[in-house]
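Enquirer: In case you want the letters, here they are:
Number of protein chains: 4
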Amino acid sequence: MKLNKEDIQEYNEGLLEFHQEKLAFTKKEVTNAEAIIQKLVDFQIAIPSWALGTGGTRFGRFSGGGEPATLEQKIEDVGLLHALNQASGAISLHIPWDIPKDAAAIKALADEHGLVFDAVNSNTFQDQADQELSYKFGSLQHTDPAVRQQAVDHNIEVIKHGIELGSKSLTVWLSDGSCFPGQINFKKAFENTLESLQKIYAELPEDWKMFVEYKAFEPNFYSMTVGDWGQSLLFANKLGPKAKTLVDLGHHLPNANIEQIVSLLMMEGKLAGFHFNDSKYADDDLTAGAIKPYQLFLIFNELVAGMDAAGMNHAKDLGWMIDASHNVKDPLEDLLQSVEAIMLAYAQALSVDKEALENAREDNDVVVAQNILQNAFRTDMRALVAEARLRAGGALNPIGFYRKMDVRDKLIRERGSKTVATGL
Amino acid sequence: MKLNKEDIQEYNEGLLEFHQEKLAFTKKEVTNAEAIIQKLVDFQIAIPSWALGTGGTRFGRFSGGGEPATLEQKIEDVGLLHALNQASGAISLHIPWDIPKDAAAIKALADEHGLVFDAVNSNTFQDQADQELSYKFGSLQHTDPAVRQQAVDHNIEVIKHGIELGSKSLTVWLSDGSCFPGQINFKKAFENTLESLQKIYAELPEDWKMFVEYKAFEPNFYSMTVGDWGQSLLFANKLGPKAKTLVDLGHHLPNANIEQIVSLLMMEGKLAGFHFNDSKYADDDLTAGAIKPYQLFLIFNELVAGMDAAGMNHAKDLGWMIDASHNVKDPLEDLLQSVEAIMLAYAQALSVDKEALENAREDNDVVVAQNILQNAFRTDMRALVAEARLRAGGALNPIGFYRKMDVRDKLIRERGSKTVATGL
Amino acid sequence: MKLNKEDIQEYNEGLLEFHQEKLAFTKKEVTNAEAIIQKLVDFQIAIPSWALGTGGTRFGRFSGGGEPATLEQKIEDVGLLHALNQASGAISLHIPWDIPKDAAAIKALADEHGLVFDAVNSNTFQDQADQELSYKFGSLQHTDPAVRQQAVDHNIEVIKHGIELGSKSLTVWLSDGSCFPGQINFKKAFENTLESLQKIYAELPEDWKMFVEYKAFEPNFYSMTVGDWGQSLLFANKLGPKAKTLVDLGHHLPNANIEQIVSLLMMEGKLAGFHFNDSKYADDDLTAGAIKPYQLFLIFNELVAGMDAAGMNHAKDLGWMIDASHNVKDPLEDLLQSVEAIMLAYAQALSVDKEALENAREDNDVVVAQNILQNAFRTDMRALVAEARLRAGGALNPIGFYRKMDVRDKLIRERGSKTVATGL
Amino acid sequence: MKLNKEDIQEYNEGLLEFHQEKLAFTKKEVTNAEAIIQKLVDFQIAIPSWALGTGGTRFGRFSGGGEPATLEQKIEDVGLLHALNQASGAISLHIPWDIPKDAAAIKALADEHGLVFDAVNSNTFQDQADQELSYKFGSLQHTDPAVRQQAVDHNIEVIKHGIELGSKSLTVWLSDGSCFPGQINFKKAFENTLESLQKIYAELPEDWKMFVEYKAFEPNFYSMTVGDWGQSLLFANKLGPKAKTLVDLGHHLPNANIEQIVSLLMMEGKLAGFHFNDSKYADDDLTAGAIKPYQLFLIFNELVAGMDAAGMNHAKDLGWMIDASHNVKDPLEDLLQSVEAIMLAYAQALSVDKEALENAREDNDVVVAQNILQNAFRTDMRALVAEARLRAGGALNPIGFYRKMDVRDKLIRERGSKTVATGL
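If you read the sequences in order, they're chains A, B, C and D. For what it's worth, UniProt numbering labels the leading residue of the first sequence as 1, then goes sequentially. For what it's worth, UniProt numbering labels the leading residue of the second sequence as 1, then goes sequentially. For what it's worth, UniProt numbering labels the leading residue of the third sequence as 1, then goes sequentially. For what it's worth, UniProt numbering labels the leading residue of the fourth sequence as 1, then goes sequentially.
Isolated chain A (complex conformation):
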């Protein structure tokens, strides 16, 4: 299904008066409100194809209805999101869950929804039905060169699919590691992985990047071969300028200072981008901003500072993607909540008076430095985010409109209540 521009407009009209009053007040408080709105309009967050279905845990999955069963339906779903918020204009495909049989047709369909193709993702953390060798003991790290080669070939295949669709980056997340002390030789595992990544890197087109994602634990529970930003950076440096480190918020040990990691990776010119989500305990993959919204803001504060210092284009020079699991919510509503939280954090970060902040830092005036960040965070930016949506043709209240239009019911009627999307 597709949402109708006119319906959105009509819906917005009912909310417009209060919105404009709120916007007017916000503009009084936020001196660079117009600049922020423009940046918000430009900012797009990719939706991964595997996040459109209900997620689950090893204990089970409680499917919802109307999940997309095909790549076409996944694109349709992202199209719905983008129509609602005008901020989800990209889709990130996962191979082999989403192999496009007719790339041209898929590209045309995406284009119809205003979507481009973000990073393509390989999968060597599962065995596929037709797969010759198993990844039970790892893929790019495997002691058996034949397994490594199979995993390398798969990644090269993924790059090819990406080229056809117009992607410009390959995300490599490896579950490689070990579950027990003694199981692997850490050094050999690193070296095997590096050699495998080098083979993949060699096949990257000139204008592509390789995103090396790290994760502290799960599904391996003793060691991960790309386990933290230090390891990822080691790989990225040894690989070359196209390789960068991808940060997923849930992939850290408890209490890690992620914003500092971001800052250092930007200093090194090695930050690839982000997988947004939130977590309380482990890689919980909850809605972005649902647990620690201030942390999300602090991360954006570093991102904006780092991008501005390097003269980067906020919207284009880093990869932005949601990577969450939707176990107890309608996935589309959940994604809308994530995007909203990300946009708010970005807007707050854009409102920080950087000069005043640097002055406070130079003076070691900790009270004022804290106040500057807290004031930005405490300022209500919802009107600016809504205005950006409004200007771009989206809904003032995306979830409100989504519910008003009974979108999920319509999807269930179209697709059935028992479909299960590929993914986690």
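Incorrect hints may have been included.
Chain copies aren't distinguished; within one or between two, either way the pair holds.
Claimed, not checked - Here are the simulated BS3-like cross-link-like pairs (lysine-lysine), alpha carbons at most 30 Å apart as the crow flies:
no.	residue 1	residue 2
1	Lys28	Lys39
2	Lys27	Lys242
3	Lys199	Lys28
4	Lys209	Lys270
5	Lys136	Lys404
6	Lys410	Lys28
7	Lys238	Lys270
Bear in mind the hints are in silico, worked out from the structure with no lab data behind them.
Chain A is already provided as a structure; the job is to place chains B, C and D on it using the hints.
Expert: Same frame as chain A, now just chains B, C and D:
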């Protein structure tokens, strides 16, 4: 020194116009704004006497200047805070750091500053110079009955000081525990502690409460004899109705869901109150709301719901105290930041539409339930908190006024730059 | 398949000489070696029916071959384990994965393998194909009384199956909780759960126990309604004397002092028993003793002390079960490793000189107290554990014999390489 | 005081018979026992001068008696340790706590006790009484170049002291960081620190190393400027070949896989060495091996493998030091316990059959790989460690002899019961 009402008023006038505009807009968004303001006016957060000096760690302390050297000066400092924010109308004394030699005079002095005496705190985690037996291996848990009796006697002494000053509760925080496997018999340590607490409990006046504080670790690094809410509740239940569990936000294992603990303790009628602070790693004792402001809001959301369900008086029926350490900030400014963050969280919690929230919960509408809380949190309540201060005679911007009046410089001139307050 | 006693005996003979030399030396070091051996012979650890297949994570499962496809085959597998180590003489069934169609025949089969039926386990954390109402938003806590009743009925059904088989306890592990702030009312969730548990409790036979298991997180990622030992104990106390708290080693927040929890639960007469496994990060469900063997010993040290103090029968008065997941190992080999680690920890705990330990504690001689525990832990108890197996008719080296007999290959030939056992 | 060789010998004689029996049995189990003994004889662990007094926390310190008040007495204490265990033949000084006034005399005194001088340690985490500028807001990272220069000059001064004493390395542990979001600019803090370190590095003698220590948190509670191994490695790589990363076991986030970090640092040729201690919660600075002895073994397993692969001399090519705090034990006894635990872990690691382990890894035989490590760990190596001490002239049971000789009482009589050693 004392702050002048007229100076405050004059200062406020310069900020009034924007404040009133912001207040007016907030009232449009927050339907129960007036009720919230009234509750904020009534809400008082006690300041512990040991938090008025610069704090430190085992690695050192970098003192600031003008720290209060006497109990009288500590009362003066809390008086300054209260004059500024009209929300710090109570002081919590620590014995033996703050033994009042002339209780009547001290009470009169406090009264002059509009202050009352909150919970009194005993200290059996340090040895005092004149102390007969050492607490090196614990106090109320000690294997030696003579040490236990000494610690019991000290607590009874603290109660007596409290009675003289008008306090109504004794806070017992024990560092008792062990540093190494094998060091103590957990069961005997519990039983000794219980017996000791029972002796203290027996001396509590009719209208007093005993606050049993728990802590996961530090200064003992293997076990703590009152280590979590479950242990504290066991003690409180065995002691009787006057004994309740005190929650300090920094006293938990990583990732603990403190708001759920709060809810269950209220269900059991056993929540004593709070020690506010914030932390990223351990018992960091940072400014309230400085790291996880959303968690602070979620806790208040439970507190308000629980107090309302039980028909409790928000301002009086639980104990509210800041317990932070000020290692890199002026302690008075830091305390002002803590109070502001607490007030904001309280105001946000008061704005939650409880009926709508319960309806969403009944329907398992997770998206709406999350939205209700996030909307309350995202709404800018600063104008309501400022208005409450204004109405009560405080400063619209307490730190701004504090700096304008050069309070710290004046304190340094009065007290010297090398004074060191008792405390941590 | 079944293992042949004569083959085991013949195998043992080749290892006997060195075993006896080692045993003789150990007896010189461990004064109560004979008593320990006898206790080891008596000690049996139940095997859960769901642990006989390859486990997995939400990211995938890499099945091994020869997994048991039926309850009969699961009993056969536990029979193999028991024949090898003579310490796995009980099986714990999970309903609905293991519904016995003909209870008498199943009992007879178990008896043939020398097995009895341990606690029965209910499952309300997944939806079954034929289930009327969903547990997506919880079971015993659910806002809808019909869902609660369905879950209650299921538990009562499980009790009935248990009665038929000779079980004496019901383990209730609830995944109930919430994934997002706001999602549930903690108090109502607790009260609903309590009411539901009370209905189940009412159906327990006179000589049964109810084991209330707690877990800190997963599969819910914001709150768990039975989240820690304090909550479980609250439920158990409100339910009555048959209800006790079950401890699973992996179900805690980081760094929890589990041995202290055990000690306190025993003090309260409320420890139900154990689910053994090990973990580094979360509920990793690794082989017992694989990561923190000293912690396992410290837990047994408390268990032995507590059981002896209460005059309990080590082998019978608490529930002992392994609850691990075998993602990268042959499940049977992994279980043998777990049992070995548990037996070693138990033997070490039995060797502790309790009088000397209590004396050191009374004297606050921390150095000696630590030494007593470390000496017990550093003493090699493998010969005593092996001797216990030998006397009971098991294999001196169970994994050695298992591999020598090509058990897994035979199971694959019998059952096929693509069978997948029910479980996680 | 000094211990008498003859007294030690006499004491050993009483223990010799059982020792030799145990040694004989151990040699039957451990094929390379003789080689292990020789390596143990050669292995020396440096004692930091600040670990000879009772440690404390921010909540207090409970001093013991007879603490060394001068550098001479500290050397005497390490001499006592070395006489007892013949494994503590080096002392690591801390400036300014231990400034040698007459370096030649101090060297001669150390030589008399058979001691050499290990790494020298600078201190910019505290302000000294006579210090011009404060380190309240950092030292090498400070926004003020004058503070940075002061800290650089201090480090250069420390190098000079080290040269006089024969040290060959400088350990730089920085507490630099921030307590609150916003307080510092991460990038500038890194760059300032790097520039400062470069100035210090430039002053290193040709044959010296700089050990860059990292720490996750404390005394700063929001960020640390050298916070993890990744950051330390960044600094070390930018500095040059003399700079390496120092690992302190307590300086990590919860659950970090330290043995993997060790392996990767060795792979990069950038491991400096170790600060040994143990911890349950944070930087608890407990006795090495007191909480997680298996982890200690796993670390040594990587160390031995890595050193052997690189053809390194175990005893000389990495820095080995204890860095613990002794809050509830006699510091000398505590250090003896730490050295014993370290030696046992080292001996166990030396006994691992590396070829068998690598074969199991190549085959992904996780069960066997785990067994190889667990068997090494479960084997009782105490006789080998004791034999190494015996051969080198130490006591078979150092703590037993220490107590028999009433060393602490004698120290108290010599030095008094109220001395307090400099340190933490």
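Enquirer: Each hint: holds or not?
Expert: Against the structure, the hints come out as follows:
no., hint, in the structure
1, Lys28 <-> Lys39, "both (18 Å within a copy, 28 Å between copies)"
2, Lys27 <-> Lys242, "neither (40 Å within a copy, 52 Å between copies)"
3, Lys199 <-> Lys28, "neither (55 Å within a copy, 49 Å between copies)"
4, Lys209 <-> Lys270, "both (11 Å within a copy, 29 Å between copies)"
5, Lys136 <-> Lys404, "between (46 Å within a copy, 24 Å between copies)"
6, Lys410 <-> Lys28, "neither (42 Å within a copy, 36 Å between copies)"
7, Lys238 <-> Lys270, "both (12 Å within a copy, 16 Å between copies)"
Checked against the numbered hints above, the structure breaks hints 2, 3 and 6 and satisfies the rest.
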